[in-house]
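Residue-level listing of the chains:
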Amino acid sequence: MTKVTMTVNGKAVSGEVEGRTLLVQFLREGLGLTGTHVGCDTSQCGACVVHVDGKAVKSCTVFALDVEGASVRTIEGMANADGSLGTLQQAFQDHHGLQCGFCTPGMVMTSAALLAENPKPTEAEVRDYLEGNICRCTGYHNIVKAVLAASGQDVSAVAAE
Amino acid sequence: MHNFEFVKPSTIAEAVKALAREDAQALSGGQTLMPTMKQRLAAPAVLVSLTGIPEMRGVCRNGDALEIGAATTHAEVAREAAAAYPALAGLAGGIGDPAVRNLGTIGGSLANNDPAACYPAAVLGSGATVVTSKREIAADDFFQGLFSTALEEGEIIISVRFPIPERAGYAKFEQPASRFALTGAFVAKYASGVRVAITGAGQDGVFRWSDGERALSASYAADALSGLSVSPDGLMADLHGTPAYRANLVKVMTQRAVRAS
Ligand SMILES: Cc1cc2nc3c(=O)[nH]c(=O)nc-3n(C[C@H](O)[C@H](O)[C@H](O)COP(=O)(O)OP(=O)(O)OC[C@H]3O[C@@H](n4cnc5c(N)ncnc54)[C@H](O)[C@@H]3O)c2cc1C
Ligand code: FES
Ligand code: FES
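Listed in order, the protein sequences are those of chains A and B. Heads up: the first sequence begins at 847 in the numbering used here, then just goes up one per residue. Heads up: the second sequence begins at 9 in the numbering used here, then just goes up one per residue.
Chain A extracted, bound-state conformation (with noise of 0.2 Å):
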């Protein structure tokens, strides 16, 4: 076992990890952090993604011992101060952009990662980058239409069926 450092949504944590410990690992089974979820453990379908240092990466397919020293955020760092929801994840639940949930954490993680690059984007753009994140049930339009209202864009005319 090795000591791992690392801050997580701004909190410095440690931990013994082996080698083969995952981020994703670490983070639910390590610190109990078990809002980032795994879906296919192959990195496909972006349950799993987190930020490393402001980038998204999919925390199943990064070693703990990788990232030592890193600043990482999950979406337990998504909430506002006083616990309410945070600007993404109330417009998730306002446009209804989740069914089951399982997709969400990553959906989330993922969407705030492109405004942070790309504060108003296109309906195309949104659906570029949540390529790599797969949702069985929602059928997507809902995801794409609450990252546009977060971003502040009307989405009234975006589809809806």
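Check each hint, because a few of them may be wrong.
[What the hints assert, rightly or not] Label pairs and their in silico Cβ distance ranges:
{"no.": "1", "chain 1": "B", "residue 1": "Gln211", "chain 2": "A", "residue 2": "Ala925", "range": "34 to 40 Å"}
{"no.": "2", "chain 1": "B", "residue 1": "Asp219", "chain 2": "A", "residue 2": "Ser1002", "range": "29 to 35 Å"}
{"no.": "3", "chain 1": "B", "residue 1": "Glu22", "chain 2": "A", "residue 2": "Val884", "range": "48 to 54 Å"}
{"no.": "4", "chain 1": "A", "residue 1": "Thr880", "chain 2": "B", "residue 2": "Glu63", "range": "38 to 44 Å"}
{"no.": "5", "chain 1": "A", "residue 1": "Glu977", "chain 2": "B", "residue 2": "Gln211", "range": "49 to 55 Å"}
[Said to hold, decoys possible] Which chain A residues stay away from chain B? Per the calculated CB distances, all over 12 Å, these:
{"no.": "6", "residue": "Val859"}
{"no.": "7", "residue": "Gly876"}
{"no.": "8", "residue": "Asp887"}
{"no.": "9", "residue": "Gln890"}
{"no.": "10", "residue": "Val908"}
{"no.": "11", "residue": "Ala910"}
{"no.": "12", "residue": "Gly932"}
{"no.": "13", "residue": "Gln945"}
{"no.": "14", "residue": "Gly985"}
[Stated by the list, open to error] If you want the ones that stay clear, here's a sample from chain B, every Cβ over 10 Å from chain A, calculated:
{"no.": "15", "residue": "His10"}
{"no.": "16", "residue": "Pro43"}
{"no.": "17", "residue": "Ala90"}
{"no.": "18", "residue": "Pro94"}
{"no.": "19", "residue": "Asp105"}
{"no.": "20", "residue": "Arg187"}
{"no.": "21", "residue": "Lys197"}
{"no.": "22", "residue": "Asp241"}
Honestly, the hints are just simulated from the structure, not real lab data. Quantities reported herein were computed from a predicted structural model and do not represent experimental measurements. Glycine is no exception: its CB is placed at the ideal position from the N, C-alpha and C atoms.
Let chain A serve as the given structure and place chain B with the ligands on it in line with the hints.
For chain B with the ligands alone, kept in the frame of chain A given last:
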């Protein structure tokens, strides 16, 4: 996944030394190697991360060439090569999805030499030079068939040097589930002639389409390829397309790459 010892050197010399240990393997973005390890198709005893070596990262223009560190991510190439070599930046920006691009690297992609990967087409199509811990390898000698390259045991890619073309384009017919190329064509025009590299189609991986190169060197226009036909011999057959289907795509994607250039 079997356990291993994880090491993260900060210099090339330390990495080469660590890789000389028994059953040691290089780790770059991990986007290919980690799934392989989960399936136990690879089980290194020592994993040597190359992402903490500053000399192996970044995009740098030296005169007529663009040098890219092997541990530079696809997202960094998409951004930092955009001015000097837009076709290459566009190719990098079209690999996988944003999260894959934030970790996957050019060196990992080339060392892996997946027959449907994008970078091998750019490297072969540009006649680039692969700079390793031991020597410099011309693109024409580097790719040696499916998942196989000229790299020797313990040899790592340090950087890749691309001669900057007058014009270039990449067109990928995407396999929608994997996002790899069902067939992709990279075309680059130099004073010395045009090079065309095809990925996703050949049974032995990336290859140069010499008839296409001759036609485009004589006249650089998509129409110059109209009269050519590609033989399906030696092309891949799978669930997604027959050799004849891919043969047609070779020409169509090369034409699209020329138009995009
Ligand atoms: C969902 C998904 C979609 C993808 N879509 C595409 C696509 O559209 N096009 C495409 O081209 N690729 C695609 N890829 C593959 C992706 O580009 C990988 O990042 C890449 O193939 C491997 O790079 P890596 O840095 O992750 O390498 P790793 O997985 O870390 O390593 C791969 C292999 O290379 C070796 N290696 C790594 N670095 C070096 C080095 N410097 N010197 C010598 N050996 C080295 C390793 O030992 C290993 O054997 C996709 C991957 C995923 C998961
Ligand atoms: S669980 Fe990581 S991508 Fe699916
Ligand atoms: S809401 Fe169920 S998978 Fe997306």
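I'd like to know which numbered hints this structure contradicts. Please list them from smallest to largest. 1, 2, 3, 5, 8, 9, 10, 11, 15, 16, 19 and 20
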